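Whenever a hint applies, use it, and build me the whole structure from the sequences.
Number of protein chains: 2
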Amino acid sequence: MAAFAPSLVTMNHAINIMQQALNGVKVLDFTQLLQGPYATQMLGDLGADVIKIEKPGSGDIYRSMTFFNQWVGGDESLCFLPWNRNKRSLAIDLKSTETVEIIRGLIKQADIIVENFRPGVMERLGYGYDTCNELNPGIIYCSATGWGADGPYQNRPGQDLLVQGLAGVVMASGKQSDGPVAVGTALSDQLGALHIVYGVLAALYHREQTGRGQRVEVNLLQSVLAYSMQDFFTVQNGARAFTRPESGIAHPGNGAPFGIYPTADGYLSIAMNPWPKVVEALDEPTLMRFNDPQVLFDRRDEIYDHIATITLTRKTEEWLEIMLALDLWVAPVNEQKAVENDPQVQYLQAFREIEHPKAGRIRVTDVPIRLSETPGDIKRPPPLIGQHSREILEEYGISGEDIDHLLKTGVVTEEAVG
Amino acid sequence: MAAFAPSLVTMNHAINIMQQALNGVKVLDFTQLLQGPYATQMLGDLGADVIKIEKPGSGDIYRSMTFFNQWVGGDESLCFLPWNRNKRSLAIDLKSTETVEIIRGLIKQADIIVENFRPGVMERLGYGYDTCNELNPGIIYCSATGWGADGPYQNRPGQDLLVQGLAGVVMASGKQSDGPVAVGTALSDQLGALHIVYGVLAALYHREQTGRGQRVEVNLLQSVLAYSMQDFFTVQNGARAFTRPESGIAHPGNGAPFGIYPTADGYLSIAMNPWPKVVEALDEPTLMRFNDPQVLFDRRDEIYDHIATITLTRKTEEWLEIMLALDLWVAPVNEQKAVENDPQVQYLQAFREIEHPKAGRIRVTDVPIRLSETPGDIKRPPPLIGQHSREILEEYGISGEDIDHLLKTGVVTEEAVG
Numbered sequence: 002m003a004a005f006a007p008s009l010v011t012m013n014h015a016i017n018i019m020q021q022a023l024n025g026v027k028v029l030d031f032t033q034l035l036q037g038p039y040a041t042q043m044l045g046d047l048g049a050d051v052i053k054i055e056k057p058g059s060g061d062i063y064r065s066m067t068f069f070n071q072w073v074g075g076d077e078s079l080c081f082l083p084w085n086r087n088k089r090s091l092a093i094d095l096k097s098t099e100t101v102e103i104i105r106g107l108i109k110q111a112d113i114i115v116e117n118f119r120p121g122v123m124e125r126l127g128y129g130y131d132t133c134n135e136l137n138p139g140i141i142y143c144s145a146t147g148w149g150a151d152g153p154y155q156n157r158p159g160q161d162l163l164v165q166g167l168a169g170v171v172m173a174s175g176k177q178s179d180g181p182v183a184v185g186t187a188l189s190d191q192l193g194a195l196h197i198v199y200g201v202l203a204a205l206y207h208r209e210q211t212g213r214g215q216r217v218e219v220n221l222l223q224s225v226l227a228y229s230m231q232d233f234f235t236v237q238n239g240a241r242a243f244t245r246p247e248s249g250i251a252h253p254g255n256g257a258p259f260g261i262y263p264t265a266d267g268y269l270s271i272a273m274n275p276w277p278k279v280v281e282a283l284d285e286p287t288l289m290r291f292n293d294p295q296v297l298f299d300r301r302d303e304i305y306d307h308i309a310t311i312t313l314t315r316k317t318e319e320w321l322e323i324m325l326a327l328d329l330w331v332a333p334v335n336e337q338k339a340v341e342n343d344p345q346v347q348y349l350q351a352f353r354e355i356e357h358p359k360a361g362r363i364r365v366t367d368v369p370i371r372l373s374e375t376p377g378d379i380k381r382p383p384p385l386i387g388q389h390s391r392e393i394l395e396e397y398g399i400s401g402e403d404i405d406h407l408l409k410t411g412v413v414t415e416e417a418v419g
Numbered sequence: 002m003a004a005f006a007p008s009l010v011t012m013n014h015a016i017n018i019m020q021q022a023l024n025g026v027k028v029l030d031f032t033q034l035l036q037g038p039y040a041t042q043m044l045g046d047l048g049a050d051v052i053k054i055e056k057p058g059s060g061d062i063y064r065s066m067t068f069f070n071q072w073v074g075g076d077e078s079l080c081f082l083p084w085n086r087n088k089r090s091l092a093i094d095l096k097s098t099e100t101v102e103i104i105r106g107l108i109k110q111a112d113i114i115v116e117n118f119r120p121g122v123m124e125r126l127g128y129g130y131d132t133c134n135e136l137n138p139g140i141i142y143c144s145a146t147g148w149g150a151d152g153p154y155q156n157r158p159g160q161d162l163l164v165q166g167l168a169g170v171v172m173a174s175g176k177q178s179d180g181p182v183a184v185g186t187a188l189s190d191q192l193g194a195l196h197i198v199y200g201v202l203a204a205l206y207h208r209e210q211t212g213r214g215q216r217v218e219v220n221l222l223q224s225v226l227a228y229s230m231q232d233f234f235t236v237q238n239g240a241r242a243f244t245r246p247e248s249g250i251a252h253p254g255n256g257a258p259f260g261i262y263p264t265a266d267g268y269l270s271i272a273m274n275p276w277p278k279v280v281e282a283l284d285e286p287t288l289m290r291f292n293d294p295q296v297l298f299d300r301r302d303e304i305y306d307h308i309a310t311i312t313l314t315r316k317t318e319e320w321l322e323i324m325l326a327l328d329l330w331v332a333p334v335n336e337q338k339a340v341e342n343d344p345q346v347q348y349l350q351a352f353r354e355i356e357h358p359k360a361g362r363i364r365v366t367d368v369p370i371r372l373s374e375t376p377g378d379i380k381r382p383p384p385l386i387g388q389h390s391r392e393i394l395e396e397y398g399i400s401g402e403d404i405d406h407l408l409k410t411g412v413v414t415e416e417a418v419g
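Protein chains in written order, with our numbering: chain V, 2 to 419; chain P, 2 to 419.
Where hints are given, some of them may not hold.
Identical copies go unnamed one by one, so any copy, or any two together, can satisfy a pair.
[What the hints assert, rightly or not] Here are the simulated lysine to aspartate or glutamate pairs, EDC-like style, with alpha carbons at most 16 Å apart:
| # | residue 1 | residue 2 |
| --- | --- | --- |
| 1 | LYS176 | GLU247 |
| 2 | LYS176 | GLU336 |
| 3 | LYS109 | ASP50 |
| 4 | LYS359 | GLU415 |
Please keep in mind that the hints were generated in silico from the structure rather than gathered at the bench.
The structure displayed is predicted, hence computed values, not measured ones.
This is the structure:
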């Protein structure tokens, strides 16, 4: 370790005030939609103080989008709510001359800035990296884009599905004859979020050693390419391209039995397993004729069908009992709705309820990792638009009178609870 | 910031020795297969010193697995190579009494330990968390499991596909009538890796403030549940479950046009867009009859077919020109093999070549994020089994004579380059 020798006094002080790993870290969050908000939520889950900067009145654009045209608690969005807990909202106009000094004051005291505007927007607003670095040389400034901050696609819209398609991941799932099959969740956005966390926390460690901040650039495209590292490595260094199976075999590079099989009452996943053991479990000795890795790959679709005919004859639980006893790698398959009732999911308490001022009691995914000394927690529900505008401005030394004025002119807004 | 005030001397010293964000961080990597190695590679990419502990002779079990039964440079694996750059390999028997003091010595000097054995294995080997914490109270000890370190599935095999199935993500992609459709890359493993990085770097920051290490627990299951946060939120708080479309609409919660469409020479992704603009681009005014969000959702499969009939009449590049001019959110779709030739991918230099002692020149995905002051880099190719055994043991003060003895008895092995 480079420069690590805190005095005992410092240590005791720190232990007293730090219950969470990122306590004391101030994040100014200029992001909206999914990628950025998920990243800053992950920082907030571990104790960072995340100030979400929103547009006065309307807020994060994701608030106005939802699934099935359906809303919770009146007009709260099914898309916005999952990604914005553990944040406070400051609704402030970034284009007004009246707010410049306030924003600059926030930047001076921040540790981390995250923004996901299109390239150039923060510069035009007057809050580009160079300005922020001048105001605060310790600042870690993360720009998250779709295609990268520059290059031929700099001005093209960069969005989850578009990135999945361009990066070729749509050629990895489903059947070859289907053509491209997108991953039906926001894969690129979520990988992008995890890469923001990676870059920002590494830069934070570096700043602890040197006092120096830096610019961190994350884009959806390279996040997805890194995620597909094994596939690209194979395509670029192996002699052949991936061809997807036509059956329920679950990976274009794998042979049978690797796949998902129908049972009498549902589905069963069977991962990589020694073939003789699979044959033993299926109790069909004639299947031993396929006992060769090359055959199991080349004839995987045909072999899949043989296995599926047999798995259909028993219920999932029966197969689990038979196969787990042989130490096979198998597991049940759940419908999304049933996942929360799975015994292991229940044991881990992976979901919990929190109270939201407008949506009422909502069920959310809890912090997914466990830190023994500094556990993550959900201390705040997703904020209303500008719910904490006054509180935050007061903390930053703006007088009550000035705050009233800003609210009156509408360059700052606040939505009250209840 | 809690306790941050380095002297100028410390700063200058640190600036001189730190070219990468995680320089000086020592990682003892007891992992194999994908999840753990990807995580430690991400730390190595930013400068951490990663020592990969391998089984003498045979090494990481992933070295013996590959796609299509195909190998590079003799017997190097298409699966192993992508996840193990920027590491040194120490091949050492963890079960031998002769190696106990050496391993304990490594633990005393490490900052981070990552292990992904089944629960209880590290304890039985004598290197469980409590022991390591006693040897080194600053240690950050990350255990990565499939289903969690305890609970009803504690002893069941936890593997990527099995987790995808149990966590319900196989119900998100493809067509509803297909039944479960697995994501055809190691989604769970890769999300698990990113969550290891998240937990370990947050714990590292906390240790810089307090001097105290801790245990970090990451499991594939909760990593995937967190990734699916928006879907679970909807299923658990909305009035209805997701039903996948039967067409090329790309998300179960979205209406038309969101999807991937065939063109005269390939495919085109069309994301969320104002319907009138889409109709204008398609130059088919009768489609305005669907201009209602509810209709665009409820009749999405039928609308998809209408659009696809038109997109088939022109080449992808023509559609891009027409649609980008209208500021529509569209992008081309690439086959995996073609991705490296995409102009933006080329501009970003997302792939590069490195030299491997046995596989020769290999093409790999470069570090996916940009840090302005401490850029990541690939400084070492994936190691041979025990390639650095001697070098590492010497660094830890083992005499040449003792190393010779360990090599002779086979509790340590080394594979020489060339």
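Okay, the hints, checked on the actual structure:
1. Taking the shortest Cα distances, LYS176 and GLU247 sit within 16 Å of each other both inside one copy (5 Å) and across copies (14 Å).
2. Taking the closest pair of Cα atoms, LYS176 and GLU336 come within 16 Å of each other only across two copies (14 Å); inside a single copy the shortest separation is 21 Å, beyond that limit.
3. Proximity of LYS109 and ASP50 under a CA criterion of 16 Å is satisfied intra-copy only: 15 Å inside one chain copy versus 33 Å between copies.
4. Within a single copy, LYS359 and GLU415 get their C-alpha atoms as close as 15 Å, which meets the 16 Å cut-off; across copies the closest is 63 Å, which misses it.
When the structure is compared with the earlier hints, no violation turns up for any of them.
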